[in-house]
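Participant: Given the sequences, and given the hints that come with them, work out the whole structure.
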Amino acid sequence: MSTGNMNLTLKVWRQKNTQDKGKMVDYKVADISPDMSFLEMFDVLNEDLITKGDDPIVFDHDCREGICGMCSMFINGRPHGPKDAVTTCQLHMRSFKDGDTIVVEPWRAKAFPVIKDLTVDRSAFDRVIAAGGFISVNTGNAQDANNLPIPKSQADAAFEAAACIGCGACVATCKNASAMLFVSAKISQLALLPQGQPERYKRVQNMVAQMDAEGFGNCTNTGACEAECPKGISLENIARMNRDYYSAKFISEEEG
Amino acid sequence: MGSITNAFSSSIGKKLIMGITGLFLISFLVVHCFLNSFVFFDKTGVLFNEGAHFMATNWIIRAMEVVLMAGLLLHIVQGARLTFQNQAARPVKYAYNDGNANSKWYSRSMGLLGTLLLIFLIVHLSQFWVVSRFTGIPTIDANGHEDLYAVMKETFSNVWFVVLYVLSMISLGYHLLHGFASTFQTLGWNHKKYTPLIKAIGVGFSIIVPLLFAAMPVWIYLGL
Amino acid sequence: MSAINSNIPEGDVTTKWTKFKSSVALVNPSNKRTLEVIVVGSGLAGASAAATLAEMGYKVKCFCFQDSPRRAHSIAAQGGINAAKNYQNDGDSTYRLFYDTIKGGDYRSREANVYRLAEVSANIIDQCVAQGVPLAREYGGLLDNRSFGGTQVQRTFYAAGQTGQQLLLGAYSALERQIGMGKVEMFTRHEMLEVVKIDGKARGIIARNLITGELERHFGHAVVLGTGGYGNVFYLSTNAMGSNVTAAWKANKQGAFFANPCYTQIHPTCIPVSGDHQSKLTLMSESLRNDGRIWVPKKKDDTRKASEIPEDERDYYLERRYPAFGNLVPRDVASRAAKERCDAGYGVGSSKLAVYLDFKANTERYGRIEASKAGNHHPDKETCMRLGLAVIKEKYGNLFDMYAQITGENPYETPMRIYPAVHYTMGGLWVDYNLMTTVPGLYCAGEANFSDHGANRLGASALMQGLADGYFVLPYTIGQYLSKEISVKAIPTDHPAFAEAEARAKGILDHFINIKGTKSVDHFHKKLGLIMWEKCGMARNAEGLKSAIAEIQQLKKDFWSDVRVPGSADEYNPELEKAGRVADFIELGELMCMDALNREESCGGHFREEHQTEEGEALRDDENFAYVAAWENKGDGTFELHKEELKFENIKIAQRSYK
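Residue numbers (full-length UniProt numbering), protein chains in the order written: chain P, 1 to 256; chain L, 1 to 224; chain R, 1 to 659.
Where hints are given, some of them may not hold.
Unchecked claim - With a Cα cut of at most 25 Å, we get these calculated SDA-like pairs of lysine to any residue:
1. L:Lys-192 - R:Glu-138
2. P:Lys-52 - R:Lys-556
3. L:Lys-104 - P:Asp-84
4. P:Lys-28 - R:Ser-279
5. R:Lys-519 - P:Asp-84
The set of hints was computed from the structure by calculation and includes no laboratory data.
Facilitator: Written as structure tokens, this is what we have:
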């Protein structure tokens, strides 16, 4: 069983609602076990706040196994904290030392307004997908799955792009709050597959237009998104999206 | 046509303009650097002035100069617009942001580096370009060409200008270190086999070209 | 006790569904446009149903409590999805999938439903591939399969260890497409708190906007619940933190019977509990049992490291007890076997509540194959291990990383420590063949219903059922009901039934806020979980269940008098949400124990210690318990049992054997 012996200082963003100005508040947590996840450490803090009659800190989380994409804390200046390729829920306290001060903030972007404390509104991502992140096939229209062989390398590449969990760490870390890694991952997944070809050029135009309308910034290729993505989504996807976009706008005869 | 015009106002379109103009400016640097390197080979400046004369009189070059200026202007204006837009995309900043953990400082500082280069360009252009194109160069060399070399010697006898030029070339180096490879990414020219090569060439270019440029004022100041 | 009608169509089991489809009443397109359907939940069942219903032309409203439909917990399913495609040419067929599922469920599921499930399974794969779901492929470009527990064919389709994610994103994209076209109205961060019934029919819901706290009234000609399972009644489970039974439980209170609540699946391969702080458990996919061998030391209380225990001092107990299926026995069997070894003192790790899952033998075997491919026919052991690790990494990389992340140990070097954990609930709202509950117009799909898995679900069948219900079953069967509703105009939400339902929901929320007790919601949830795990978990007995019922009743009193919910009801207040969910879990927990007590036999995930063979295997009582126990909530804390007799006409009912 775990031995809880870490004492930490937390500086946490508190904001009552979208309109509230918000501020950083200091908290102390004691007897933290290195086997705890970062969110379990927050559970301990919240339990303490509730018994003291304070408002617990609100943060998004659900599956706690790194796949739903709901957790979203900006920890010590990095989305999902200091470890590479993990989400906040899979970050464990053994990544910190006794006596550390940890700064925790919500994702910051105009397109991701803060709802409360560390919770932000990421519905912009859903709207980008609704603009074209799909293949238009109604239920019941499919041919036999093996009638469409797809080279393994291509299927694997599509899968790697499809591994995106939509957490928004790319936007959070990008100095421009750009969503291009997220958008390009979906565009790439579908552009790499034969099923995605009929709508390929319409899709890239519509999704990029929606992305711009949501108020995300422009990509300046710093590569921070790729470095911080918990699922290792590659910058190559952005290049592919750019390519498809130029083809759609300048070569294809289809209007976006 | 609607598709094409609205393409340039989109996020990717704006980047495209930055990329194309950037690439164009890179090609200009090659020519500029090549011709100026004459200073290393001829102390009298005759060779250098020959090159300058060619650049000043060849009509293709003169035409390209207009395009260059337009490209430069576009690069600056678009860069500024993008910088402001990108800042607006995050109205509330982080209290603590550890950018170095995931990206290079110069890739995040293109606006700043660009601004430094703009200041340098104003000084540089007023010292040479304005003189050679508009106000006129007072002396001529042994060949009877305008003696731009003399203007250069005069300018770089002042150690502060030498320092300014060297520092500016460091800015240019970092600007290119990100900008070179970034341009290819923006244009979508990404390929598992060639991208590493492009990146390597980018690093080489960003070191060699600014180094040569920076060496010129030092060379002349030291009278080598 | 009264009988309930499961509305199974007449005829041979192999033709029931085809006949149903060709004779079911249809709704013409112009009428569909005026018919409104509410879908609660956006997981595999909910999202696929909402998208398909909208494609067909119905007006759909879809609700989820998460910030996006893409986050539903279906996303966490790792291993795969079954389908009777027989792509491997290993003798698979619709009948065999049907047979495996009935047998795997320990003969406690409804034949007609399971056959239909097996029948549409192949269509699911076709549909998903058409949507661009990147399922794993072989070098020839065709789809790849892996094996799962409880079967002797390879019929599991997968996408690395993220099959659920990829399938859900497929359904999510179909749903977003309909949202983009304005055919589905999506309500995220909304939680359903009441079913609204008018003249005995489900006509809408009360949902709470979780951000503003506002209670909203929504009308629908029919309501579909795809709200998932109730594993979180155990506090610790592989479910997501927000997974809850509230929607199904409120439906139960409005007259929808709750069936077989005691059937809980304890998954054998999960990462063991590391301490009291633990908030959830993480599954290691069943697919790992393809290549991993499970063992414990032969010596009791052996404290040596795994690597120091020689081969002949290891007990591969699954291979020993079940030579035919070995490490691939069904989940209930594997879990109980692990518990048996640990209870007997052979457990490993500091808690002694774990067994080893070891990949060494197969790593070496893969390495040998790789070396041979490269022309090296006599590779040394080191080369084999090196090459083999690369293969293992490609197959299970993300799972191994997850394990390393959580435990701080490197599974490539030492065997994984695993222990069973609550994973899935076979029980749920009772539904007939049409997936309609006992409330007319109220449907239930996916894990939230009880229908297809009997007393134990086979691996890779949950994704299959969720998508079968949502894409291929419900959209047809709901038409039968809606075809009779075409003359019903949308009922304004100022109808007294809406006001009444809203008042009920509001009353409960206000009550929580006003208790102002001393203990947090989690405090009570943990207590409930402990009672359930110890007395209604992997093994149950009459005495334990009786004491559990008494303890839960006491816990309920304590909860309703001493819980502390900070903040107010008109703001974003996750503690308030949790309070509502835990209140429902407490009531459900009691019913689960009642159901377990009632079922005087052992079957699948339900193991009554009083009913076992001499070898410790589950002992069914087909004479007295071959029925579905459907519980009617009488509203005063009591429940009435209704029985649906299970008839096996196509499969000979037999003692399950995996030996």
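Participant: Would you list, in rising numerical order, the hints stated earlier that this structure does not obey?
Facilitator: Violated hint: only 5; rest satisfied.
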